[in-house]
Amino acid sequence: MALKHGLAAAVLALLGAGGLVAQEKRSGLDYMTPETRAMQEDDMSNPGMLFIAEGEGLWQAPAGAANIACSGCHGTAAQSMRGTATRYPAIEESTRRPIDLAGRINLCRQTQQKAQAFPAESPELLALTAYVAHQSRGMPIAPPADDRLTPYRKSGRDLFERRLGQLGLSCAACHEGHAGQRLGGSIIPQAHPTAYPLYRLEWQTLGSLQRRLRNCMTGMRAEPFAHGAPELIALEAYLMSRATGLPIETPGVRP
Amino acid sequence: MRLALIVVVLLAAPAAAEPLRSYSIAGDAIVQPLTGHPGDASRGRTLLANRQASLCLLCHQAPVPEPHAQGTLAPDLSGVGGRLSEGQIRLRIVDMAHISPSTIMPSYYRISDHPRTAEAWRGRPVLGAEDIEDIVAFLVTLKE
Chain A
2 MALKHGLAAA VLALLGAGGL VAQEKRSGLD YMTPETRAMQ EDDMSNPGML FIAEGEGLWQ
62 APAGAANIAC SGCHGTAAQS MRGTATRYPA IEESTRRPID LAGRINLCRQ TQQKAQAFPA
122 ESPELLALTA YVAHQSRGMP IAPPADDRLT PYRKSGRDLF ERRLGQLGLS CAACHEGHAG
182 QRLGGSIIPQ AHPTAYPLYR LEWQTLGSLQ RRLRNCMTGM RAEPFAHGAP ELIALEAYLM
242 SRATGLPIET PGVRP
Chain B
17 MRLALIVVVL LAAPAAAEPL RSYSIAGDAI VQPLTGHPGD ASRGRTLLAN RQASLCLLCH
77 QAPVPEPHAQ GTLAPDLSGV GGRLSEGQIR LRIVDMAHIS PSTIMPSYYR ISDHPRTAEA
137 WRGRPVLGAE DIEDIVAFLV TLKE
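Residue numbers (the working numbering), protein chains in the order written: chain A, 2 to 256; chain B, 17 to 160.
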């Protein structure tokens, strides 16, 4: 009887979550053509791997007035950064606000290396972020059980579900209501940020999740949030909690 | 010079920021054309096929040649003229949310009150009354 109640409660909890009840969680990878999948899965043909190599160089290069490299403090990334990307965004202790991986790298650059922050979407920041995230490839997304993140995840979810822009669309309208269907020729994925920074064939380069979110907002005819805006970090915090368990793929390839 | 001017005019095209005309809804239809006269079906066909301009084929399929793949988010428009009356089609383009508040179909003839509407689109409908009438005139011809 208790078990029955427990099951019923679990089912209700799932339904109440309003999330992906009807369909299984799927990475955008699952919706791609075999050709694009193969491109991602073979390191020799994945164009994102060039950025990983560049990121490795940056990891080892002394920088800033302090003239120290990332590796000077963090050692071998394969050990020290293993699993890091599965836990971001995380609360940054000095501000007690969530920060994304690229923001954390830039903060370290400023406070430890005494160097200038890399500009948003610069090749250096993308390469270094991708290199760090790549150390978690294959590991399941595991957002921290930090209660301080709860309000940010909540506001990220509110944003995900809010109708915006001239067309009055929300993220959820397409990515939950119509995932797997086609917008023009493009299959709409479930919007799990498993593979960022990723190489988008349409961009012909590596790009961040924020670039993707801003593109989507432009398509909705909404004013995109600025790079680094707290709204985009909150949205990422929600999306990562929603994607819990899916493996990190960085560097992903997408059409 | 002439060409540059035309490009500028095209870019500014959504600017046809004429005030919205009033219309009346009867049941689930707007019986009278927004412009007071019937649209041009041939122009409507061209507009519908241009997904940058009308957006229709991003979500719908329709029996028109179009170089890009057509969307599958919304009902196929083939035969829509047989399933719905002209007035029903008109209201569904003008303000589908009036019929189904949870729809993802944008209200094409309404000033968006949604947050963060980009400046280029603020204060204007997705399409003007003439454009909508042209598309209605084309859609009613799709009988099968």
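Worth flagging that the hints you see were computed from the coordinates, not collected in a lab. Using N, Cα and C, we set each Cβ at its ideal position, and we do this for glycine too. Some hints could be false.
Claimed, not checked - Covered by chain B, per the in silico footprint, the following chain A stretches (three or more residues, Cβ under 8 Å): (1) 70–83; (2) 140–154.
Stated by the list, open to error - Listed next, the stretches of chain B that the computed footprint assigns to chain A, with coverage defined by at least 3 CB atoms under 8 Å from CB atoms of chain A: (3) 57–70; (4) 101–110; (5) 130–137; (6) 144–156.
Unchecked claim - Quick list of the computed label-pair ranges, beta carbon to beta carbon: (7) Ser-118/B / Gly-84/A: 33 to 43 Å; (8) Asp-148/A / Asn-66/B: 22 to 32 Å; (9) Ala-121/A / Thr-62/B: 33 to 43 Å; (10) Arg-38/A / Val-47/B: 49 to 59 Å; (11) Ser-118/B / Ile-188/A: 50 to 60 Å; (12) Ser-72/A / Asp-129/B: 32 to 42 Å; (13) Gly-73/A / Gln-68/B: 44 to 54 Å; (14) Ala-121/A / Gln-104/B: 44 to 54 Å; (15) Gln-80/A / Ser-94/B: 29 to 39 Å.
Exercise. Which numbered conditions among the earlier hints are violated in the structure presented, ordered from lowest to highest?
Worked result: 1, 2, 3, 4, 6, 8, 11, 12 and 15
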